[in-house]
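A.B. asks: So my numbering is basically just the index in the sequence shown, starting at one, shifted up by 36.
Don't take each hint at face value.
Claimed, not checked - In silico PhoX-like pairs for lysine-lysine, Cα to Cα no more than 20 Å straight-line: (1) LYS239 with LYS259; (2) LYS47 with LYS136; (3) LYS77 with LYS104; (4) LYS46 with LYS136; (5) LYS136 with LYS195; (6) LYS202 with LYS259; (7) LYS136 with LYS53; (8) LYS259 with LYS234; (9) LYS202 with LYS239; (10) LYS202 with LYS136; (11) LYS195 with LYS235; (12) LYS104 with LYS53; (13) LYS259 with LYS235.
Calculated directly from the structure, the hints in this document are not laboratory data.
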Amino acid sequence: MRILIVDDEKKITTVLKAYLQQEGFQVSTAINGLIALTMFKENPFDLVILDLMLPGMSGTEICREIRKISSIPIIMLTAKVEEDDRIQGLSIGADDYITKPFSPREVVARVRAVLRRTNNETAPLADVISYDNGLTIDNIQHEIRLNDQEISLTPTEFKILGALAKHPGRVLSRGQLVEIVQGHDFDGDDRVIDAHIKKIRQKLETTPSDPQIIMTVYGIGYKFNQSAGG
């Protein structure tokens, strides 16, 4: 597994590189965004550890550029502790967020957790999946049933629901959902996802204005609640 660390603090990159190499990872480092993006485009990395506050191109800008071409896992590092900064990082596509100062062992643990989660995402879906909330998703026939009643969804709605239901309880940002539905080249407004979610709720939820299956996580995105009834 190859990891790219992007941070302008040499002490941090040196320590993290040593700990990650000790765990068997191959590690490369970059001190700014331009170098990082060049390395990223020329090498097959499996995960990026990215500092938010960098000279020149910010970590946020780098994350956006990477997300245009790849869904590779990204872990953000930052000295900022405000919730808005954390939400911003997650909303543009970061998979995890670690606040400085941190333990190198914690970073290694987070890296393993994110990679494990990513590997699970690429595993093939079961043909038919049933959830505690009464929802059944047939991935062969592309059919949805709620409490044995067939629900008619458009192909886009099916993709969105399937993406959320594949990882119950995990928050997916609008950007991540757009990428799943439209691909990396989509350059429109990711708020289009809100309109699709509204339509899905109208079809699934007993009270769409008080959703129990597809939950909103304000400022970030949506998550699937597999235990609550519709």
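A.B. asks: Give a verdict on every hint.
C.D. replies: Hints, one by one, checked against the model:
With a C-alpha separation of about 17 Å, the suggested pairing of LYS239 with LYS259 holds against the 20 Å cut-off. Our distance criterion of 20 Å between C-alpha atoms is met by LYS47 and LYS136, whose separation comes to about 13 Å. For the hint pairing LYS77 with LYS104, the CA-to-CA distance comes to about 12 Å; that is within 20 Å, so the pair holds. For the suggested pair LYS46 and LYS136, the alpha carbons sit about 14 Å apart, so the restraint of at most 20 Å is met.
Restraint check for LYS136 and LYS195: not satisfied, since their Cα atoms lie roughly 37 Å apart, outside the 20 Å limit. Straight-line distance between C-alpha atoms of LYS202 and LYS259 comes to about 10 Å, which keeps the hinted pair within the 20 Å bound. Straight-line distance between C-alpha atoms of LYS136 and LYS53 comes to about 16 Å, which keeps the hinted pair within the 20 Å bound. Straight-line distance between C-alpha atoms of LYS259 and LYS234 comes to about 14 Å, which keeps the hinted pair within the 20 Å bound.
A distance of roughly 19 Å separates the Cα atoms of LYS202 and LYS239; the hinted pair therefore holds under the 20 Å criterion. Proximity of LYS202 to LYS136 is assessed by CA-CA distance (about 32 Å); at most 20 Å being required, the pair is judged violated. Our distance criterion of 20 Å between C-alpha atoms is met by LYS195 and LYS235, whose separation comes to about 13 Å. For a cut-off of 20 Å, the pair hint linking LYS104 to LYS53 is broken: about 26 Å separates their Cα positions.
Between LYS259 and LYS235, the direct Cα distance comes to roughly 16 Å. Compliance with the 20 Å bound is thereby established for this hinted pair.
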